[in-house]
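Enquirer: Make a model of the complete structure from these sequences and hints.
Protein chains: 2
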Amino acid sequence: MNRQQLIEQIKIKKSFLSIGLDTDINKIPKHLLGFNDPVFEFNKQIIDATKNLCVSYKINTAFYECRGLAGWQSLIKTFNHLPKDIFSIADAKRGDIGNTSAMYAEAFFNKQSSDLNFNAVTVAPYMGADSVKPFLNYKDKWTILLALTSNDSSKDFQFLSSDGKQLFETVITKSQEWANEDNMMYVVGATKGKAFADIRKLAPNHFLLVPGVGAQGGSLADVCQYGMTKDCGLIVNSSRAIIYASNGEDFAEVAKKEAEKVQQEMEKELKAIGF
Amino acid sequence: MNRQQLIEQIKIKKSFLSIGLDTDINKIPKHLLGFNDPVFEFNKQIIDATKNLCVSYKINTAFYECRGLAGWQSLIKTFNHLPKDIFSIADAKRGDIGNTSAMYAEAFFNKQSSDLNFNAVTVAPYMGADSVKPFLNYKDKWTILLALTSNDSSKDFQFLSSDGKQLFETVITKSQEWANEDNMMYVVGATKGKAFADIRKLAPNHFLLVPGVGAQGGSLADVCQYGMTKDCGLIVNSSRAIIYASNGEDFAEVAKKEAEKVQQEMEKELKAIGF
Chain A
0 MNRQQLIEQI KIKKSFLSIG LDTDINKIPK HLLGFNDPVF EFNKQIIDAT
50 KNLCVSYKIN TAFYECRGLA GWQSLIKTFN HLPKDIFSIA DAKRGDIGNT
100 SAMYAEAFFN KQSSDLNFNA VTVAPYMGAD SVKPFLNYKD KWTILLALTS
150 NDSSKDFQFL SSDGKQLFET VITKSQEWAN EDNMMYVVGA TKGKAFADIR
200 KLAPNHFLLV PGVGAQGGSL ADVCQYGMTK DCGLIVNSSR AIIYASNGED
250 FAEVAKKEAE KVQQEMEKEL KAIGF
Chain B
0 MNRQQLIEQI KIKKSFLSIG LDTDINKIPK HLLGFNDPVF EFNKQIIDAT
50 KNLCVSYKIN TAFYECRGLA GWQSLIKTFN HLPKDIFSIA DAKRGDIGNT
100 SAMYAEAFFN KQSSDLNFNA VTVAPYMGAD SVKPFLNYKD KWTILLALTS
150 NDSSKDFQFL SSDGKQLFET VITKSQEWAN EDNMMYVVGA TKGKAFADIR
200 KLAPNHFLLV PGVGAQGGSL ADVCQYGMTK DCGLIVNSSR AIIYASNGED
250 FAEVAKKEAE KVQQEMEKEL KAIGF
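Protein chains in written order, with numbering that gives the first Met the number 0: chain A, 0 to 274; chain B, 0 to 274.
Bear in mind the hints are in silico, worked out from the structure with no lab data behind them. All clues stand as given, with none of them false.
In this list, chains with the same sequence are indistinguishable; a pair is considered to hold if it fits within one copy or across any two.
As a list, the in silico DSSO-like pairs of lysine-lysine whose alpha-carbon atoms are at most 30 Å apart:
| no. | residue 1 | residue 2 |
| --- | --- | --- |
| 1 | Lys26 | Lys138 |
| 2 | Lys138 | Lys154 |
| 3 | Lys43 | Lys110 |
| 4 | Lys154 | Lys132 |
Remember, predicted model here, so these are calculated numbers, not experimental data.
Expert: Right under this line is the structure:
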């Protein structure tokens, strides 16, 4: 999916919501445990209930890898159940030396090789250009680079200042030597409020993937005030606050209601930029 | 495996070699392609031929994930074929917010959950303390944090200087607030030569995992001169130079010869510290 198609989807859906399928087998409703693949069954019902309210699903690979082969099977089945016009994100936070990052790119972007064919993958920047570039070799695919993450200890290293620029700022500027607003996005945590204004000086048009609204406490209004562009420029993710809104047999219906609340707030924000 | 057991293995084997099972199905000898699982067959023969010459096998997950479910199966079978007294490393370079890193820790350290039970996993430091700590909750397991990596573009961010310390140095000092020499190692590329001397000022006793000898051009003599401690303190990894030394039916035998060369060089270095 290219940039124009993504923007078009945001206009059609009146939403820039991504729903995070961080599906923990210990947290899903008990009545699903009798299914052959409870995690897939949960995801399927969540997707079917919410797919008109979001433009993206983000699958965090950790929640699948922790169950080994069974988890990887759930991941592939979930991927195959995603609607074709949805922006699919493998939240994998990969990154390695060049020849190895090329393998990770195959893992998430090459269906012939891996059965997976996501639109985007999240990548960790620590190892620099040659750890990121192999992901950029796929047409109409996206690399979403960690910049300023939503967790408390993002401050441990991301705020370190060198030559007057903090590390996350250097990541954003340096990476623009390898990539552009058509193939790269940045992860910026919703909990970071006004930092969005500073980031927009460095990346005025790039899409930002924004986790941390919902369970992690970030504010959608703040994110929009400081981070929105004329093209929207935001994909805001919520995971736990939507998918675990109910633990009963009504979980998918309640998840839909939670997603609707966020979508309606987003629709207002989009109206303000003429979408 | 705890620190004392690892040191004991180094003494017994007269080796601190790790062999990297970066097994690419496109690079293995053609006669293996008729096997049900050619990647596992390759690994099995390499392990059987080299297991007395090395103290560790390092499995880079990218090479398995790129083949999807089939690759994950090869990974589990390979893990199960490792000798019990070998230090097993999942070179996965994971890291995420706390609750998600806990899932990655389960993926590599909890056999009940994932069928995998490695001794160590490599972790990326960018997201800070809470992305690393969940891996430290497992007794006698190791977190191997990326510090100064072997690739060219390590310079993009790892050498940035803040308050007179380069980023990789801050990673090494800061992480000692969460971990110690009994549960943490650092990745330092063999290509970094004299940087080992500086790193030893910051982490005098920690084990270092050193990739980059062999195909990447690092020198074992330099690594030992600047990085060895009285307890050895090094696990030096070679992947391609050993496992792909021959592309014929003799591949395992030739890999054994290559591993022997490295082991013999290591034996000399260990003699110098009285091992």
